[in-house]
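Based on the sequences and whatever the hints tell you, model everything.
There are 2 protein chains.
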Amino acid sequence: MTTKAKGSRAERELLHLFWKNSWGCIRVAGSGSVPLPVPDLLAGNGKKWYAIECKSIGSQSKFLYPEKVNEVIEFAKVFGAEPVLAMRFDHKGWFFLDPRMLEKTKSDNYNVTYNLCLEKGKKFEEMIK
Amino acid sequence: MTTKAKGSRAERELLHLFWKNSWGCIRVAGSGSVPLPVPDLLAGNGKKWYAIECKSIGSQSKFLYPEKVNEVIEFAKVFGAEPVLAMRFDHKGWFFLDPRMLEKTKSDNYNVTYNLCLEKGKKFEEMIK
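Residue numbers (this note's numbering), protein chains in the order written: chain A, 35 to 163; chain C, 35 to 163.
Be aware that a few hints might be false.
For chains that are exact copies, the list does not tell them apart, and a pair is met inside one copy or across any two.
Keeping only pairs whose Cα atoms sit at most 25 Å apart, straight-line, the calculated DSS-like set for lysine-lysine is [to be verified]:
1) 102 <-> 54
2) 111 <-> 81
3) 81 <-> 163
4) 111 <-> 82
5) 54 <-> 140
6) 96 <-> 38
7) 81 <-> 140
8) 102 <-> 138
9) 157 <-> 82
10) 157 <-> 140
11) 126 <-> 111
12) 126 <-> 54
13) 38 <-> 140
By construction, these hints were calculated from the structure, which means they are not laboratory data.
Here you go:
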């Protein structure tokens, strides 16, 4: 499976998780291709709104470019939502981070590890409370 | 131009109108094809959120199927947004209606006329106040 297909599958999985729990959720068209700061998913339940960037990985960690992370933070601020980084690790499931708490590496990127997610991440059940 | 291309162009026009006025706005992926009740656009400014169904027409009126209108109303309720029917008439611009105030025709559809939009519709400036 390509990285893109893996990403799309993960987005759809998370979308259906929200719907199953009575939240509304949509995939954003052109995420990653339009010249506007947009997230992958938007979810809401009438009380909380999330602007979500999704990553699905097999390994223990993932480098992220600050530009994309900042886009989600920027969009969330304008739209009126909480920015969320949704990390899916193979065989370990979903973890949700506030991208504003990420710390940059020496090379000025973000490196999101499985250990960071275990330590700081929320599980899905906490997200929909 | 096909009806679909005309619709897409109108959606993008409205999307950029929101961004130019410091609102966040996204197009929903798979609108019209996913088996979930989703709108064409979502817009928000941190205080108000709109779930928008767009129609772009050349003529004086447009028949709408209740199913699609009801989907937008249903999505808006779950997500936490105001449902909006955005009507674009060639050479006359945009009008915005609350789809919950539409009245059905004898054939159980909705018929949205230019006169109805003139009488009951809001202009874009009112929408972003």
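Q) Is it within, between, both or neither when you check residue 157 against residue 140 at 25 Å Cα-Cα? A) Neither, since 29 Å and 50 Å both go past 25 Å.
Q) With identical chains treated as interchangeable, where does the CA-CA distance between residue 38 and residue 140 reach 25 Å or less: within a copy, between copies, both, or neither? A) Close neither inside one copy (27 Å) nor across copies (48 Å); limit 25 Å.
Q. Given a CA cutoff of 25 Å, do residue 126 and residue 111 count as a within-copy pair, a between-copy pair, both, or neither?
A. neither (30 Å within a copy, 33 Å between copies)
Q | Status of residue 140 relative to residue 81 across identical chains (alpha carbons, at most 25 Å) | A | neither (38 Å within a copy, 38 Å between copies)
Q: Measure nothing new, just compare the shortest in-copy and cross-copy C-alpha distances for residue 102 and residue 54 to 25 Å and report within, between, both or neither.
A: Classified as between: cross-chain Cα gap 21 Å, same-chain 28 Å, threshold 25 Å.
Q: Measure nothing new, just compare the shortest in-copy and cross-copy C-alpha distances for residue 102 and residue 138 to 25 Å and report within, between, both or neither.
A: For residue 102 and residue 138, only the intra-copy Cα distance (14 Å) is at most 25 Å; the inter-copy one is 45 Å.
Q) Is it within a copy, between copies, both, or neither that the alpha carbon of residue 111 lies no farther than 25 Å from that of residue 82? A) both (13 Å within a copy, 13 Å between copies)
Q | Alpha-carbon proximity between residue 54 and residue 140, which holds within one copy, between copies, both or neither at 25 Å | A | Result: close neither inside a copy nor across copies, 41 Å intra and 36 Å inter.
Q: At 25 Å max between alpha carbons, let me know whether residue 126 reaches residue 54 within a copy, between copies, both or neither.
A: within (20 Å within a copy, 42 Å between copies)
**Q.** Copy assignment of residue 111 with residue 81, given that the CA separation must stay at most 25 Å
**A.** both (16 Å within a copy, 11 Å between copies)
Q | Copy assignment of residue 96 with residue 38, given that the CA separation must stay at most 25 Å | A | So residue 96 and residue 38 pass the 25 Å test inside one copy only (15 Å; across, 39 Å).
Q.
Please sort residue 81 with residue 163 into within, between, both or neither, judging by C-alpha distance up to 25 Å.
A. both (10 Å within a copy, 22 Å between copies)
Of the hints listed earlier, those the structure fails to meet are numbers 5, 7, 10, 11, 13, in rising order.
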